[in-house]
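Participant: Fit the two chains together into the complex; they arrive one by one in their own frames, and the hints show the way.
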Amino acid sequence: MSQVNLPVQQQAPVQQPPIPSTTTVGGPTAPIDYRRDQAVGFYTDTTVCIGCKACEVACKEWNQLPATRGGEASLSGDSYDNTVALSGTDWRHVKFIEQFNPDRVGGRWLMMSDVCKHCVQAGCLEACPTGAIIRTEFDTVVIQADVCNGCRYCISACPFDVIGINEVTNTAQKCTLCYDRLQVGMTPACAQACPTASIQFGPITSLRERADARVAQLQATGAQAYVYGKEDMLGGLNSFYLLVDKPSVYGLPENPQLPSKQAGLGWLAGMGSAVVGGLLGALSFRKHRMDERRPVVAESLPRDRREVETRDEVRR
Amino acid sequence: MNPALIERANAVHWEWMVYLEMWIAGIAAGAYATAALLEWFGQGRSPIARAAHLLTMPLMALAALLLIVDLSRPERFFHMIVQVKTWLPSFKPWSPMSIGSWLVLAFPVFAFVSFVDALIDRGMFRLGSWRRERTLHGSSLGRIWATLGGLLALGVGTYSGVLLSASEFPGWADSSLIGALFVVTALATGMAALLVISGLGRAVAPPDLRDLARAATFMVVWQMVLLVMFVISLGPSGARVYLTGPYLLALIGAAILAGIAPIALLRFGATRLRPATAALGGITMLLGGFLLRYAIVMGPQAHG
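In order, the protein sequence lines correspond to chains A and B.
Position 278, counted from 1, in the first sequence is what the working numbering calls 278; the numbers after and before it change by one each time, with no gaps.
Position 111, counted from 1, in the second sequence is what the working numbering calls 111; the numbers after and before it change by one each time, with no gaps.
The following block holds chain B by itself, in its conformation from the complex (with noise of 0.2 Å):
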């Protein structure tokens, strides 16, 4: 634990684009590992994985345009990955920002390889030999791809957790735990968007849709887990930046929406789950996530 500064004079206004950011990248990385485990452990080509790979890239895009946006300097975003006075690779692993840079730059590059293959799969074009006949996913080199791009995607759903860790604020810095927590949320999230779209696109057989809400109440439980973990590893000082005004008001809406509401929906995936209330399942977890995010990012920054 950092002993921060209790109050703080200079802002970082990480503000509504950041945490929207945060819960966009979160949702395209969850939807992406997810794929990755259905192509690993589930019926491998399937529509659920498929509708993660249309998903992930434009998520990404956008999330790496509000991360551009929201910069102080905008038009120096390269300067993340490039350092301009030497034209050498700007990477320093010791810092949480710059491996994120790397990794918003690198997890795109498999998500859209992903994506292409999802729109060949439907017919939509062929290049070359990459035909719906024979597609990335679905043979064994998907399966490395997919491989990478679901570690990536971890990468991706951890750093801004550990980003606020490191650092001197008053309730990021009291704890090491917001990586952990963000990682399960991104996986959370990102079964929640999956379980809308199936259960609002009626194209998934139920088994696999129950397969799903199994795995989404999994990663609600494990959430919840870590979420009162993390709310115990914060000590008095650091909980106090949360557990006021609208930031308590959005933890225990998270709690509700994102814990409660879809153990109750989904019941682990039971066996007569409808897919609207599937659907509806996911979307409790998709706005208790953000409200989560919410609570997370501008707390502390409420009270620095």
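Pulled out of the complex, with its shape left as it was, chain A reads as follows (with noise of 0.2 Å):
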């Protein structure tokens, strides 16, 4: 695979520190079990992913999505990433990252299995005006297919580019977090088929706790690891990440914020134009009544005496 002739897409140092599996090391990724009424998501440790895509193949069949963008397969012509972006069709996209020196001796490629944050303070819950979207009993987010009206606010206001328009359904469409399977007990399709347990489910705190000992081994050994997607980012992203490059490297915000704090500012500066705009109308047209008020100007000036009279007898 290194013979192939990819072009670079991020240029890195040559060394990197080695990253272990959680395998070799022993970390624990054996499923958790859940119920009802519990927060439950996604752990993605992104080191331990090796791009087979299984995940989005599972979710293609589980959720029955077309494998194919309007009935046309396509490839990206630049890399063996050809899901691209995730969208209306695709609910999972394994991100490929390419970071190599221009001479290619060295390098690294970094894979992600992106997928819905469901994140605790969601932006496009908040933005949806049909009520369409939803927050489940597992405190994930879902939009209801039946409701979605298709008036596209929740992709303009999904921090993370989550959200597209499904061209079967015409709705508005992302993960589900298999809602459908996790009322019957069961793990996420996603989950089920990763073959590295690079995607890890279950309840949050359980994830949060093997995400953070994780990050204290690989930190151990150099590695700079992080998670992405603490409390403090949109009160917790529920399908969260271990990274070990800039937020922006993977192609995510660095420090994404509800789109709604803008609504506020927006709205006090729409009402402060609209008062501006109000009194210099007003003031036009009352300069006008209080000059006609005036019988000595009009008397002393025959042309506007003249006017009003115009005036009066249009109205007449």
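Calculated from the structure, these hints are not laboratory results.
Computed from a predicted model, the values in this text were never measured in an experiment.
Ideal Cβ placement from N, Cα and C applies to all residues, glycine included.
Misleading hints may appear alongside valid ones.
Away from chain A, derived, C-beta distances all over 12 Å, residues of chain B [said to hold, decoys possible]:
1) Phe-78
2) Ile-81
3) Met-97
4) Arg-126
5) Leu-141
6) Leu-151
7) Gly-161
8) Val-231
9) Gly-269
10) Ala-302
Which stretches of chain A does chain B cover? Using the computed rule of at least three CB atoms under 8 Å from a CB of chain B, they are [claimed, not checked]:
11) 84-92
12) 163-169
13) 226-237
14) 254-264
Facilitator: Set out below in structure tokens:
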């Protein structure tokens, strides 16, 4: 695979600390039991992702999502990543981040299986005017396809660019965290299919403990590992990640915010602008009425008097 | 300012129907708000206010139709207002889209009554005691009606801009001033439409036309001030989505057509303002307002 002439997408230092896999150091990856009314989610350890895309396939199979876009298979043309991005029909996307030197002697591939973050403070859920987007008893965020009318505001409100229009249903769609499987005690299809336990599913509290332990383990080896999506980010991401480079390298925002934070200031500025506009309009119209009430002026200026008479004639 | 992702893969596809709707709804809202101002501060029952009442309702109907058709599932438009699983009202005051949906529903109620009132005032028909000699507008109740309707109109003019600001698209999320800019654009284009009607119709007395031209010129100045403030507030990363290609041309066109040209033509309602000149000033303002909406709606999407 290293002989394939791939374009360099990211530049990186030649020397990278080795990243131990969870299996060789004995990190726990077994499924964790969960119950209804418990916050569940995904912990994705990007260091053990091998880019096999089993998660993408499992997601598409279980959720009956089309494998092609508009009936046509398309290739990105610059990577083995042909899914390219999350969308209304691609609810899982394994990102291939290629960090190679120009001579391709040294470098690394970062793999990351991206998905909806099921934010505790979800911008899409706030923005949705129809109530199609709901928070479930598992603290996940789900779009109800039978309620969504495709206004597309949620697409613009998602800081992670997760939601897209599904061309089959013509509604906004994204990962449901396999809500139907959760309701019968099953593990989401992607986590079930992941062969390296890069995608782990379970109660959030347990997953965070696992992630913290893994971060400590990696940091002990010199790797720059950290958890992306702790509680200080949108109240916590119920799908969070262990990363070894800056968020922007993975195409993630450094400090995502709720878009509604802008709304208050926007309304305030709008009202201020309307008041100024109203005052300017009122002054313009008022001036004439005040002029009209000055008979002396009207008498001394025959032109104005003629105009007042003209206006009265028009009214009559 | 939201730290938005620079590149976005999923498009919202708010295209010509959306910026056309925003422009049309802005004209309707601005015209109605102008009529309310005239009722309070102008001549009461003026031909200009009546023209505004006749103009607003059809334009709002067209705007609502565009909004509905632009949905991916237009047959579900009423989901904006009603929760279909409980049949309770669907109102989320923290969502500008939800507020906007209710404004677009409520404002036409006021616009419709004023529209009917204007028809009655023209002697086209009567409804019981609601007749030409006793119309709503011109009475105390009419002032209250105009005030409430005018406030809703300003809401209609503002919400679409706030909606864009409360998003994650670079160029929209970078500024909180889009709502402020849109509401004054609505007022300006509303007055512009009335200038065109009044200028071409010749049914308005010169002093009234000059008042309207003066108000419109003030609106143009305020609009240009806000446009400059908006561009500054974007910062380098936000501004780059507007200051390239057709969007830069559109912004320059807007500054000329909705800024320089009407100031030169209308001259704050100069004494010798001719009706044809007023109409021409109105036309340039309308075109400039359209270009402004186009640039602001489409620029960030093209770079997303």
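Participant: With 12 Å as the threshold, tell me whether Ala-302 of chain B passes as away from chain A on beta-carbon distances.
Facilitator: 14 Å, holds
Participant: Does the claim that Leu-141 of chain B lies off the interface hold, with its Cβ farther than 12 Å from every Cβ of chain A?
Facilitator: 21 Å, holds
Participant: Holds or violated: is the Cβ of Phe-78 of chain B farther than 12 Å from all Cβ atoms of chain A?
Facilitator: Non-interface label on Phe-78 of chain B violated, nearest chain A Cβ at 8 Å vs cutoff 12 Å.
Participant: Determine whether the non-interface label on Met-97 of chain B survives the test: each CB of chain A must be over 12 Å from its CB.
Facilitator: Incorrect as stated: the minimum Cβ-Cβ distance to chain A is 4 Å, not above 12 Å.
Participant: Taking a Cβ-to-Cβ distance below 8 Å as contact, does the region 254-264 of chain A have at least three residues touching chain B?
Facilitator: Held - the region 254-264 of chain A has 9 residues with a Cβ nearer than 8 Å to chain B, which meets the minimum of three.
Participant: In terms of Cβ atoms, is chain A entirely out of 12 Å range of Gly-161 of chain B?
Facilitator: Given that some Cβ of chain A is not farther than 12 Å from that of Gly-161 of chain B, nearest at about 7 Å, it is violated.
Participant: Please verify that the nearest CB of chain A lies beyond 12 Å from Gly-269 of chain B's CB.
Facilitator: 7 Å, violated
Participant: Confirm or reject the coverage of the region 84-92 of chain A by chain B under the rule of 3 or more residues with a beta carbon closer than 8 Å to the chain's beta carbons.
Facilitator: Since 5 is at least three, the answer is holds.
Participant: If you count the residues of the region 163-169 of chain A with a beta-carbon closer than 8 Å to a beta-carbon of chain B, do you get 3 or more?
Facilitator: Coverage by chain B holds here, the residue count being 3 at a Cβ distance below 8 Å.
Participant: Beyond 12 Å from every Cβ of chain A: is that where the Cβ of Leu-151 of chain B lies?
Facilitator: Leu-151 of chain B is in fact no farther than 12 Å from some Cβ atom of chain A, at 9 Å.
Participant: According to the definition I'm using, a residue is off the interface if its beta carbon is farther than 12 Å from all beta carbons of the partner; does Ile-81 of chain B meet that for chain A?
Facilitator: 9 Å, violated
Participant: Taking the shortest Cβ-to-Cβ distance between Arg-126 of chain B and chain A, state whether it exceeds 12 Å.
Facilitator: 20 Å, holds
In summary, the numbered hints that this structure violates are 1, 2, 3, 6, 7, 9, 13.
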